[in-house]
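Peer 1: Residue numbers (this note's numbering), protein chains in the order written: chain A, 237 to 353; chain B, 10 to 125.
Source of the hints: derived by calculation from the structure; they are not laboratory data. As the structure is a prediction and not an experimental result, all values here were calculated from the model. Heads up, a few of these hints could be off.
Unchecked claim - Using 25 Å as the maximum straight-line C-alpha spacing, the simulated SDA-like pairs for lysine to any residue come out as follows:
| id | chain 1 | residue 1 | chain 2 | residue 2 |
| --- | --- | --- | --- | --- |
| 1 | B | 82 | B | 114 |
| 2 | B | 82 | B | 52 |
| 3 | A | 277 | B | 27 |
| 4 | B | 82 | B | 25 |
| 5 | B | 25 | B | 74 |
| 6 | A | 277 | B | 53 |
| 7 | A | 250 | B | 52 |
| 8 | A | 277 | B | 18 |
| 9 | A | 277 | B | 38 |
| 10 | A | 277 | B | 64 |
| 11 | A | 277 | B | 117 |
| 12 | B | 12 | A | 299 |
| 13 | B | 12 | A | 264 |
| 14 | A | 277 | A | 289 |
| 15 | A | 277 | B | 83 |
What the hints assert, rightly or not - Sample of chain B residues with no beta-carbon within 12 Å of chain A, all distances over it, derived:
| id | residue |
| --- | --- |
| 16 | 35 |
| 17 | 38 |
| 18 | 39 |
| 19 | 53 |
| 20 | 83 |
| 21 | 93 |
| 22 | 95 |
| 23 | 101 |
Note that CB positions come from ideal geometry on N, CA and C, so glycine has one too.
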Amino acid sequence: GAVVSQHPSWVICKSGTSVKIECRSLDFQATTMFWYRQFPKQSLMLMATSNEGSKATYEQGVEKDKFLINHASLTLSTLTVTSAHPEDSSFYICSARDGAGSRYGYTFGSGTRLTVV
Amino acid sequence: AQKITQTQPGMFVQEKEAVTLDCTYDTSDQSYGLFWYKQPSSGEMIFLIYQGSYDEQNATEGRYSLNFQKARKSANLVISASQLGDSAMYFCAMRDRSGGSYIPTFGRGTSLIVHP
């Protein structure tokens, strides 16, 4: 089945630095990828939708300059948290929809736990 | 208004018994899809089952079945013969044509604890 590889699975960084999270679709072409943020014991909050070769569409309230999303190829999307602060600490998870628009549609990465100290 | 409502923050069930996790949804689209995902403590989202709005039969996948009641806009997940490994967060999600594109929306989740 479809697999999405997300790296790193966890990262600790200092306040003010930037962190890049990668999501790769391993056996299918992901025309659309979704990036979510999840706080402990809460639901997934959609941050942005990225389409290959075009600018990401950010949800209301999400700072596009802080959360940079790049979807340069059909198999790779990256989320860069710029100038990270402790309040950016969270669980970030991506999902991809394969180009065929399959019935099930969405495959998730394993998530990244970001801790900013 | 919330598109997906999961009213049970937590559920307890004894091993080997069946449990129903509730989910109601709100959409004006005729074509939509409903999903259930399992999220164990490791954080990964595991796809369990899918129901299309035009599917005439309730979806089943092994021990999971979806009780789809279209008129009531409910899509409850039934887990039969619960196992200890079923302890996790469960999220109901819907895909409809929101703002011109199909974007999945998730409920707040239900924490299921299976005890021996």
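Peer 1: Each of the hints needs a verdict: does it hold here or not?
Peer 2: A quick look at each hint next to the structure:
Taking the CA atoms of residue 82 of chain B and residue 114 of chain B, the gap is about 15 Å. The hint holds against a cut of 25 Å. Only pairs whose Cα atoms come within 25 Å are accepted, and residue 82 of chain B paired with residue 52 of chain B is rejected, the gap being roughly 28 Å. For the proposed pair residue 277 of chain A and residue 27 of chain B, the alpha carbon gap of about 24 Å is at most 25 Å, so the pair holds. Pair hint residue 82 of chain B plus residue 25 of chain B does not hold up; C-alpha atoms about 29 Å apart against a cutoff of 25 Å.
As the CA atoms of residue 25 of chain B and residue 74 of chain B are separated by approximately 16 Å, the hinted pair is consistent with the 25 Å bound. The hinted pair formed by residue 277 of chain A and residue 53 of chain B meets the criterion: a straight-line CA distance of about 14 Å does not exceed 25 Å. Pair hint residue 250 of chain A plus residue 52 of chain B holds up; C-alpha atoms about 23 Å apart against a cutoff of 25 Å. About 10 Å separates the Cα atoms of residue 277 of chain A and residue 18 of chain B, which keeps this hinted pair within 25 Å; it holds.
For the hint linking residue 277 of chain A to residue 38 of chain B, the alpha-carbon distance of about 30 Å lies beyond 25 Å, and the restraint is violated. Of the supplied pair hints, the one linking residue 277 of chain A and residue 64 of chain B is violated, its CA atoms being roughly 32 Å apart against a limit of 25 Å. Between the alpha carbons of residue 277 of chain A and residue 117 of chain B the distance comes to roughly 9 Å, so the proposed pair stays at or under 25 Å and holds. A hinted pair counts as satisfied when its Cα atoms are at most 25 Å apart, and residue 12 of chain B with residue 299 of chain A qualifies at roughly 24 Å.
Distance check on the hinted pair: residue 12 of chain B and residue 264 of chain A sit about 30 Å apart at the alpha-carbon level, beyond 25 Å; violated. As the CA atoms of residue 277 of chain A and residue 289 of chain A are separated by approximately 34 Å, the hinted pair breaks the 25 Å bound. Of the pairs offered as hints, the one joining residue 277 of chain A and residue 83 of chain B holds, with about 23 Å between alpha carbons and a cut-off of 25 Å not exceeded. Chain A leaves residue 35 of chain B outside its interface by the beta-carbon criterion, the shortest separation being 15 Å against a cut-off of 12 Å.
No beta-carbon of chain A comes within 12 Å of the beta-carbon of residue 38 of chain B; the shortest separation is about 15 Å. No beta-carbon of chain A is positioned within 12 Å of the beta-carbon of residue 39 of chain B; the least distance is around 17 Å. Consistency note on residue 53 of chain B: stated as away from chain A, yet its beta-carbon is not over 12 Å from all of that chain's, at 5 Å minimum. Residue placement check: residue 83 of chain B keeps its beta carbon more than 12 Å from all beta carbons of chain A (closest about 18 Å).
Interface exclusion of residue 93 of chain B from chain A stands, the closest Cβ pair being 20 Å apart, more than 12 Å. The beta carbon of residue 95 of chain B sits about 18 Å from the closest Cβ of chain A, which is more than 12 Å, so the claim that it is off the interface holds. With a closest Cβ-Cβ approach of about 10 Å to chain A, residue 101 of chain B is found to fall inside the 12 Å limit, against its non-interface label.
Violated hints for the displayed structure, listed by number in ascending order: 2, 4, 9, 10, 13, 14, 19, 23.
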